[in-house]
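Participant: Listed below, chain by chain, are the residues.
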Amino acid sequence: MGLLTKKDQALILDPLADNNPITIQVLGICSALAITAELKASIVMGISVLFVLGVGNVVISLIRNIIPSKIRIIVQLVVVATLVIIVDQVLKAFAYELSKTLAVFVGLIITNCIIMGRFEAFALGNGPWKSFLDGIGNSLGYAVILIIVGFFRELLGSGTLLGFQVLGDPVAKTGLYALGYENNGFMVLSPMALIVVGIIIWVQRSRNKDLIED
Amino acid sequence: MLEHLELFFKSVFVSNMVFATFLGMCSYLAVSKKVSTAVGLGAAVIFVLAVTVPLNWLLDQYLLRDGALAWLGPEYADYDLSFLSFILFIATIATMVQLVEIVVEKFSPSLYNSLGIFLPLIAVNCAILGGSLFMQSRDIATIGLAFNYGLSSGIGWFLAILAIAAIREKIRYSNVPAPLRGLGITFIVTGLMAIGFNSFGGMLTGGDEGAKEELQQSAKTEEVKEDVKKELEKNEVSFNNVQNN
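If you're matching them up, the sequences are chains A and B in order.
Sequential numbering of the first sequence, starting at 1, is according to this note's numbering.
Sequential numbering of the second sequence, starting at 1, is according to this note's numbering.
Take the hints with a grain of salt, since some may be wrong.
[Unchecked claim] In silico DSBU-like links for lysine-lysine, alpha-carbon gap of 30 Å or less:
1) A:Lys209 to B:Lys33
2) B:Lys10 to B:Lys34
3) A:Lys70 to B:Lys33
FYI, nobody ran anything at the bench for these hints, they're computed from the structure.
What you are looking at is a predicted structure, and each value in this text was computed from that prediction instead of being measured.
Given these sequences and hints, build the entire structure.
Facilitator: Take a look at the structure:
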């Protein structure tokens, strides 16, 4: 079976769909909604969370037996905060413009409930390798939703993808714009992020009836 | 006085934590099934925000920002410790939450019983850390304004969770399509509420424009302040970006 056993694969694949951190576990909504007006910011945010959660899960899992349970929240916060500072400094050094767009939301990865939620629910009770896979799986699940939301909001809101004008030039009236198509500026505003996520939840739960709440 | 009033309305309505910047969404979604629990959590958030934002303002002013250590002596004036702000802010918040919990338990057991279970949750509520980070990026000028900002952001958050809890209590009797029940409809209702809150955006533009003009005029007369102004504008742009997003 090579590197990954069946159980290991489940750790990575489950959070991508049926146990998705955003749409099913309801974790990490804040940053997911705020930065998804552009696809690029969504991708960078996804990668940042991937790094923080992957490394953080391993660290917590390695020291899980020596943390006194009364102060574990503070220990977890310190580990996350350190990793987030690294991400923030790297972004500022190599992608300054983007770090301005993300602004405080990089810092808010610290209080992203996905991170604390996975530390509490998984890393404190499992070995480093499994925790690493769990971290990767959950942050990929998070990134997938971010990218879907970012894709639709940027495409419908500004007519671009990653900054490229895929629907033609709105000023010179080429491509779709020649047919009278207009960008829906409303998609860029914050309320639409909530409604797009609501629709994703709707689609997902119509496809898989087990997930329906009563 | 006027700027206090402006900041108050701005943080409660125009840039409401939940509807404009999506802070504290996790607990907003998780604890809004009943009005009574929502009120408890909302009150705790107001309290903790009003305490931690001024505290972190002091930290930012006298320890973290570029040149903040000048009060120690001229040789310390060049240090810029702002990269440490995440870890210090979160440490303040975690300690304050613990401290508040102990004090409330000692002096007001009845309040502790109603708030008690929510207080530990608050340490990891993004609204609290977000409040401090916005305070830093918006360059709030005095400690009074920082207190005002914390308090009014908390009130805005309280308003939001109270409203959604009331709606969710009623929506239980409606015939929502099965796949949308629970989480899905809550998202969509919140989206609609956010559209409503967007309309407060026009409320304060008059005041803002005046402030900008004043800033430009003073910059014309004093070239020394040019750099400060650029910095201010940069911050404003990044804040506006966040708001627009």
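Participant: Given the hinted pair lysine 70 of chain A and lysine 33 of chain B, is their Cα-Cα distance within 30 Å?
Facilitator: Holds, because 29 Å separates the two Cα atoms, which is no more than 30 Å.
Participant: So if I understand the rule, the pair passes when the alpha-carbon distance is 30 Å or less; does lysine 209 of chain A with lysine 33 of chain B pass?
Facilitator: holds, 23 Å
Participant: For the pair supplied as a hint, lysine 10 of chain B and lysine 34 of chain B, confirm whether the alpha-carbon distance does not exceed 30 Å.
Facilitator: Holds, because 28 Å separates the two Cα atoms, which is no more than 30 Å.
In the structure shown, no violation is registered for any of the earlier numbered hints.
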